[in-house]
Every structure is written in structure tokens, then in C-alpha cells.
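S.K.: Sequence:
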Amino acid sequence: MNKKPDVRYLTEVALLVAIILVMKLTGLTSIPVGPLNMTLSMVPIAIGAMLTGPLAGGILGMVYGFTSFYDAVSGGSVMTGVFFQISPVHTFVLCVVMRALVGVGAGWLFRGLHKIDPTKTVCYFITGLCTPLLNTALFMGYIVTVFYQTDFIQERVAALGAANPIMFIVLLVGVQGLVEAATGAVIGGGVAKAVAKALGRE
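If you're matching positions, the sequence shown starts at 1 in my numbering and goes up one per residue.
Take the hints with a grain of salt, since some may be wrong.
Claimed, not checked - Below, in silico cross-link-like pairs of lysine to aspartate or glutamate (DMTMM-like), each with a Cα-Cα straight-line distance of 25 Å or less:
1. K115 <-> D6
2. K197 <-> D6
3. K24 <-> D117
4. K24 <-> D151
5. K115 <-> E12
6. K24 <-> E12
7. K24 <-> E155
Derived from the structure by calculation, the hints contain no laboratory data.
Just so it is clear, the structure is predicted and the values come from calculations on it, not from any experiment.
Turn these sequences into a full structure, and let the hints steer you where they fit.
M.R.: What follows is the structure, given as C-alpha cells:
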């Protein structure tokens, strides 16, 4: 049995895991913006999901999720740190499970788009764009589902003047979400397309 594809697959996933961990250690994983962190780790997650598939995307999302959960436990993140004090289990789901689903979703989205994209190019940039948006939707969606009635969130709802949960998400994420999406499209999509072409995976 030929094991070369398996070795290549594992090597690529390991490399992307290493990139996420290095980004974490160097402070590039999350940049604090108010109570939230602007997440740049969606870029390697998107690239991995596009180049190696939904399973790899899920693994990469989970790795990033564990770094996010560590921040919640250690107090490195104000918001998730408060959530951890309220419910460690829900905070684990928020940080780890939701991020794993982002990677899986990005992988399946790319596969679907790649089949119908005659250019075999646009699909990379759309997936790069949508991965941070999917992360925001799942992460913030879980927050408003589980933690919306907590004092911590209600204080921010009042401060922002949000009339409902959807408006709260829009006002809280704001420009940050647009920057993440643009970064994902330009860097994530561009790098994934270039690597796929170099490796002959068109």
C-alpha cells in the first residue's frame, strides 16, 4: 500500500499546526480589540481546509480552539475568562468545538465551490472570506445562545445600545469582523491558490 499521500497529508497538517502555535507564541493569533480578540488564526485554518480538506480544517480549528480555551482558563481573554467562571463546559464548547466546526465548514464550503467554479480561482478567495465570517457567526451565535442573559453581556448590550442579540453582534464585532474577513480573503485565498498551483492541485 502506498503511504506517501498519508505522509504528505500529515506533514502539511503538522506544518499548519506549527504555524498556528507560532502565531500564538508570538502574539499574532489574537490581537485584543476591546473585549474581543481580532483572530488572525482563521487564515491558516482556511488555507489548511482548502488544501487538505474538511478533516484537516477541523483539526486546525480545534488546535486554535485549545489555545483560545487556554486564554479563557488563564485569564488571557477577558470575555472568555468571565465565561469560564460561569460555565467551564460551555466555554470549552465555545472555544474548541465551535472553532473545529469552522474548519470543517470551510473545508466543505471550498469543496462545493471548487466543483462549480469554472475559474478554479474565485473559490479560494470566497472560502478565505467566509472562514472568518463563519467563525464570527458560530462564536457569537453560541455566546448569545448561552451567555446573553449574563450580567457581563447585558452590561455590554446596554453600553452599545443594542436592541436585540443580532444588533449586539453587529455593534460588538463591527469593523473588526470586516478586517478579519478581508484578511482571510486576500491572504488566505491568495496563499492557498498559490500553493495549490505550485503543488499541481488545480
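S.K.: Can you give the numbers of the hints that this structure goes against, from lowest to highest?
M.R.: 3, 4 and 7
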